[in-house]
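Start from the sequences, fold in the hints, and give me the full structure.
Chains U and S supply the protein sequences, listed in that same order. Just so you know, we're using full-length UniProt numbering here: the first sequence kicks off at 1 and counts up by one. Just so you know, we're using full-length UniProt numbering here: the second sequence kicks off at 1 and counts up by one.
Don't take every hint at face value.
The list cannot tell twin chains apart, which means a pair is met if one copy fits it or any two copies do.
Think about it this way: if two alpha-carbon atoms lie no more than 16 Å apart in a straight line, the pair counts; the simulated EDC-like pairs of lysine to aspartate or glutamate are [unchecked claim]:
#1 LYS85 with GLU162
#2 LYS174 with GLU4
#3 LYS44 with ASP61
#4 LYS44 with ASP64
Derived by calculation from the structure, the hints in this document are not laboratory data.
One-letter residues, chain by chain:
There are 2 protein chains.
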Amino acid sequence: MTFEEKLQAYAELAVKVGVNIQPGQYLLVNTSVDALDFARLVVKEAYKAGAGRVHVNLSDDEMDRAYFEHASDEEFNRFPEWVVKMRDELIERKGALLWIDAADPDKLTGIPTDRLATHQKVSGAALKNYRNAVMKDLIAWSIVAVPSPKWAAKVFPNLGVEEQVPALWEAIFKTVHIGEGNAVENWCEHVKNLESRAALLNSKKYAKLHYTAPGTDLTIALAPQHKWLTGGSKTPDDTVFIANMPTEEVYTLPLKQGVNGYVSNSKPLVYQGNIIDGFKLTFEEGKIIKAEAQVGHDLLQELIHVDEGSCYLGEVALVPHESPISASEILYFNTLFDENASNHLAIGEAYPTCLEGGRDLENGQLEALGANISVTHEDFMIGNGEMDIDGILPDGTVEPIFRKGSWAF
Amino acid sequence: MTFEEKLQAYAELAVKVGVNIQPGQYLLVNTSVDALDFARLVVKEAYKAGAGRVHVNLSDDEMDRAYFEHASDEEFNRFPEWVVKMRDELIERKGALLWIDAADPDKLTGIPTDRLATHQKVSGAALKNYRNAVMKDLIAWSIVAVPSPKWAAKVFPNLGVEEQVPALWEAIFKTVHIGEGNAVENWCEHVKNLESRAALLNSKKYAKLHYTAPGTDLTIALAPQHKWLTGGSKTPDDTVFIANMPTEEVYTLPLKQGVNGYVSNSKPLVYQGNIIDGFKLTFEEGKIIKAEAQVGHDLLQELIHVDEGSCYLGEVALVPHESPISASEILYFNTLFDENASNHLAIGEAYPTCLEGGRDLENGQLEALGANISVTHEDFMIGNGEMDIDGILPDGTVEPIFRKGSWAF
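Given below as structure tokens:
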């Protein structure tokens, strides 16, 4: 396949498999000018696939940064009503939402952490309805990524400037199964494989997982009504969509107060345009009681103190160390990729869909079943080639799930 | 001045003179990706000048065209509520609005005219509150323009591709008084000159204007309470702003039912990304009773039939044929420039500010005073070097205002 053919296949994949656009449906695309050419292709493919209207909401890293640097405090504490309306209108109209991520991992480096924290709180509160819709899969949504020059330079610092973006494109194409055969068919096969893995875990009904690795000794109780899910999600009217492309994970819901021990990260976390790395979290009855980072220590403190739920876990996800993304040995500095190369956890809000019938429950009911509620949901990577994970059945039986970073069954 | 210095001066001018940004104020910028670099400069200058927040709403000609080509009829008849909210929020918050125009004059060429007409009607109805705010200067707003490759190619078809955009930049810099001395000071002087011209016309209180030129013999009665205005506008709290940059006109309000005769255009009109040219309009008691165009005939019919008011005039503006823009002999295919090279009229809505106390009047009151109401306001150029205009005083005395395209006094 030529580069142009791959690009075309990727745009088609985002539209037909990612958000699985329906005839006449409204598609909102959030992206930056760095992804302009690809976004134009997506618009074309979306109309070809029958979209009723496509609106592309274009941002610019430089303008975004100027806002963080120079906006008045008053403005910084106010969230635009029209942005809320834009998302709410999409939800009301059962539209689909595609994020095309091209962000510079260092986009907001140097912005004071209290400013980043304020933004997180203000936007989190304003976009409550939107977050609820996304966390409950009330709309079809998907995140894909395309290289920007700054991001590609971060991933491939040793390549010549002209080679960085093409190298990142090729790496991304591989992760999303583009290059050999029909990409849409490849994805059907891939999701089927992940689902058989989730079915196996669901049949086990583990009470707890026990993680051990250098720097990690962590026990995570699972909510009694937990379900393991894959990247293949469903809207209330049964439209199947893929929220993350790539996706290699099976994931479920930890019991909010059931996490004890400590865990170390294995890949850097890019949070709000800043890198947090070399960190270790210690848990007691679910709560993070200690958090230390070699890089981005202050920002890590802000992250876990956004609200009450941001010092509890909301997601536990299993990804073998020999996943294709991991095998590439590329560090992407982008959670969409790095989380799919590694076992990971998420700080903050749990997915209600990981509980039987969870989509129809209110926050109070979800909490009663052990789900964490927060305005944050931040994945971080913990997996490596030395990680063992045991599953503990309700009767206390211990079974190996992972050995040396790979599935034990 | 180097190119970079001129660019910087232009951004500063747009912010400080165009919208005259106030400390802590919210600035909304509407522009396209073709103007990205300039928009980034504007953002920088706006914060430097004390803006509280700047949001740049970025569009893309190619995506816009895809919408006109492929959106479903249902979607095409619906206007996004969030766009209405975006403008209304700006008005409520007394923000400033800057348009940076970079559009390809042929952007929508080939789109069926009924589609263009539908868009005009649907957006016109949805943005009623916004239009009212702009027509009454309830907020500070300004339009500036920057070259896009397609626009520059249209203006300078005989230059090499690499020379077109720089040539259009230099032409634009000249029209906005950048290049010699301090641009902000140049503008103060320029607006003062226009205002003395308006004051003279206001002291006359003409009842009618009579236009003659090849293809034109038109009499326009002026509303009895008309005021001549210039490009220097004022918000209700007396912030002075320049709605159009460049601006060379003095303008006022025709009496809706007081226009008789015929008029021919002298420069092409770009309307909704299409060109209308070689046209002649015939009026009877204000109403356009005949409209014929050599280019864009069907679109001209759609334009004058958007609503009841779109076949009446809303503005009469005087610009001498020796204006600097006219003298450059460049045809810009962009109303912002071409209208400032030529006497022009506007089809559609009148500016309430052209009536004494008009800002505080409702539509019914405005109509009673002779003002036209419409969702359209489309300027078209009629001036040339052979145009004579007479002013007719209430007592019937005839005075020359223009002779051979130039001021007679």
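Legend entry - Structure versus earlier hints - violations, ascending order: Number 1 - this is the single hint that the structure violates.
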